[in-house]
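A.B. asks: Listed here are the chains, written in short residue letters.
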Amino acid sequence: MTGVRVTDVAIIGAGPAGLAAAITAADNGANVLLLERDSHPGGILRQCIHNGFGLHYFGEELTGPEYAARFADEAAKRAGRVTLMTDTMALSLSGDRTITAVNPHDGPLTIKPGAVVLAMGCRERTRGALGIPGTRPAGVYTAGAAQRLVNLDGYLPGRRAVILGSGDIGLIMARRLTWEGAKVLMVCELMNYSSGLNRNISQCLRDYGIPLHFNTTVSRVHGAERVEAVTIVSVDDKRQAIPGSERLVECDTLLLSVGLLPENELTRMAGIELDPATGGAVVDERRQTSLPGVFACGNVLQVHDLADHVSREAETAGRYAARFAAAGSLPAPALRVRAEGFTRYVVPQRISAKPEGLIDLYYRVSDAVKPARLVVKSSDGGTILSRRKQAMTPGEMERASIDSAKLSGDTVVLTEAI
Amino acid sequence: MDDIITMAERPREFICIVCPVGCPLKVDGDGDNIVVTGNACPRGDAYGRQEFLRPTRVVTSSVSVLGADSPLVSVKTKGDIDKARIPAALAEIRALTVRAPVGIGQIIAPDLAGTGVPLVATSAAARV
Ligand SMILES: Cc1cc2nc3c(=O)[nH]c(=O)nc-3n(C[C@H](O)[C@H](O)[C@H](O)COP(=O)(O)OP(=O)(O)OC[C@H]3O[C@@H](n4cnc5c(N)ncnc54)[C@H](O)[C@@H]3O)c2cc1C
Ligand code: SF4
Numbered sequence: 017m018t019g020v021r022v023t024d025v026a027i028i029g030a031g032p033a034g035l036a037a038a039i040t041a042a043d044n045g046a047n048v049l050l051l052e053r054d055s056h057p058g059g060i061l062r063q064c065i066h067n068g069f070g071l072h073y074f075g076e077e078l079t080g081p082e083y084a085a086r087f088a089d090e091a092a093k094r095a096g097r098v099t100l101m102t103d104t105m106a107l108s109l110s111g112d113r114t115i116t117a118v119n120p121h122d123g124p125l126t127i128k129p130g131a132v133v134l135a136m137g138c139r140e141r142t143r144g145a146l147g148i149p150g151t152r153p154a155g156v157y158t159a160g161a162a163q164r165l166v167n168l169d170g171y172l173p174g175r176r177a178v179i180l181g182s183g184d185i186g187l188i189m190a191r192r193l194t195w196e197g198a199k200v201l202m203v204c205e206l207m208n209y210s211s212g213l214n215r216n217i218s219q220c221l222r223d224y225g226i227p228l229h230f231n232t233t234v235s236r237v238h239g240a241e242r243v244e245a246v247t248i249v250s251v252d253d254k255r256q257a258i259p260g261s262e263r264l265v266e267c268d269t270l271l272l273s274v275g276l277l278p279e280n281e282l283t284r285m286a287g288i289e290l291d292p293a294t295g296g297a298v299v300d301e302r303r304q305t306s307l308p309g310v311f312a313c314g315n316v317l318q319v320h321d322l323a324d325h326v327s328r329e330a331e332t333a334g335r336y337a338a339r340f341a342a343a344g345s346l347p348a349p350a351l352r353v354r355a356e357g358f359t360r361y362v363v364p365q366r367i368s369a370k371p372e373g374l375i376d377l378y379y380r381v382s383d384a385v386k387p388a389r390l391v392v393k394s395s396d397g398g399t400i401l402s403r404r405k406q407a408m409t410p411g412e413m414e415r416a417s418i419d420s421a422k423l424s425g426d427t428v429v430l431t432e433a434i
Numbered sequence: 006m007d008d009i010i011t012m013a014e015r016p017r018e019f020i021c022i023v024c025p026v027g028c029p030l031k032v033d034g035d036g037d038n039i040v041v042t043g044n045a046c047p048r049g050d051a052y053g054r055q056e057f058l059r060p061t062r063v064v065t066s067s068v069s070v071l072g073a074d075s076p077l078v079s080v081k082t083k084g085d086i087d088k089a090r091i092p093a094a095l096a097e098i099r100a101l102t103v104r105a106p107v108g109i110g111q112i113i114a115p116d117l118a119g120t121g122v123p124l125v126a127t128s129a130a131a132r133v
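Heads up: the sequence lines are chains A and B, in that order. Start counting the first sequence at 17; every next residue gets the next number (my numbering). Start counting the second sequence at 6; every next residue gets the next number (my numbering).
Extracted from the complex, chain A is given alone in its bound form (with noise of 0.2 Å):
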């Protein structure tokens, strides 16, 4: 049995939240504990080798591993007050802050800190997630899953596949098999639009000449030792199969990009509040979730498609986290955001009771909308904020800054088709 450590911040996970966190708490006048359960920080940006990443934050773009490596060598240079565990996994959290881990060097440990960061990230949704039925043969991978395979370990999962769902992780891959010499032979989104960026299906689909059907999905899989076929089919506007439209396609490898899900199994256990609707805690806009002195940030808040933001939202996390563990509290959550309209949910879902400048509402709409408007108001009828946006697309998080001075009560987050 290993002693108590103690600290003024640990962190959940060193991927691009936990690593920015990390910095932004230690700068803060923190001593940080950082675990990772990987060999290496960096989380999933390690395998996604595409560039396009640190346009906002940076001013260039980067690859993956380039934008994390920023961040990790900014750690690495506060090693005095930010101590990296890597091949440790967080057990549990209990509703005290306490954290169990466990590592190969140190067996077990108990963690008390003055503050805790969530940053676990999110995991992908498989297929006994979506149901499919068929046969189990070897060959059904998700993209993430695919991406670590060819990205890090250096092998081809298949040659002839179909990628269902256009998620940009999908699209990246579709452009990865066909530049290692795969056939894509296409890409089946079961909505009339992508939650991909367009530029990855300019990019990434057209460029190659993938065919990208919308309305589409995969009704079975077929093959015994290893995938033959799949069945397509199309779908209806209630998204069910229209009978007759089936297409047998035959391919070795079907990839899923169906979606990503915030890791929240910890958060659970702490009896912290969610949101059904982004899969992650209930936050304030210093990202305080309902158990007091415990942050969230990252994709285990809410999935971002860039990792610009998720840097911005950690630092926000990671310099409230440090003045929670000095001064012991932080104002409580007094008012409520409310997502209405073509809105789906915005994140921070509460307003404290002493908010400080600017807010950024980050939120995202449940269905094309073009063109739209966004009005942010008080509940009792104010408008803060209005505007008019060529198009919105439930792919893109869209984003609003509002004064918090003007604030009077709780705030609606209005989108509308105009």
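Be careful, since some hints might not be right.
As the list claims (entries may be wrong) - Mimicking DMTMM-like on lysine to aspartate or glutamate, the simulated pairs with C-alpha atoms at most 20 Å apart in a straight line are:
#1 Lys83(B) - Glu76(A)
#2 Lys393(A) - Glu331(A)
#3 Lys88(B) - Glu196(A)
To be verified - From the derived model, a few chain B residues whose C-beta atoms are all more than 10 Å from chain A:
#4 Val40
#5 Ala45
#6 Leu95
If you are wondering where the hints come from, they were derived from the structure by calculation, not from laboratory data. Ideal Cβ placement from N, Cα and C applies to all residues, glycine included.
Start from chain A and add chain B with the ligands according to the hints.
C.D. replies: Okay, now just chain B with the ligands, sitting in the frame of chain A:
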């Protein structure tokens, strides 16, 4: 020579990728008389011209590394290369092997597939 495309064969319709609106662009004319239509703003005009006249891309991939704790290091072209040169660039990348240690930014090939653009490492590999 087979990757030289004449003006007449080039695609003339693109989706503008500069912002989420995704305007459908059409490019007419040749040489100094190029007209882009379908764009809702000037950024689409610039994008349409570039895509028509000289589409370029950054290529990212990975190469085998010997004597390291991981089998691969990731790489990118240090700048845009002509889209038509991508297959040649990928073929050359596939044939490369480097020896650890490798640092981020290290030049792996000084002139990738005759593009004049170097290939650089985007991840590090420590020697074991
Ligand atoms: C497959 C995939 C591809 C993506 N591609 C792109 C892209 O191209 N561009 C882009 O901008 N964004 C991309 N994203 C989004 C990307 O995830 C975010 O931009 C960013 O990586 C999120 O950072 P994070 O730190 O929140 O999560 P992550 O990067 O997932 O990091 C979470 C870290 O927490 C660790 N962890 C989790 N649970 C525990 C535990 N219990 N104990 C200890 N450690 C734990 C994990 O090992 C991991 O290192 C992609 C996401 C995925 C899943
Ligand atoms: S033309 Fe302008 S408005 Fe249209 S997609 Fe391009 S940048 Fe956006």
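A.B. asks: Starting from the hint list further up, note which numbers the structure goes against and sort them upward.
C.D. replies: 2, 5, 6
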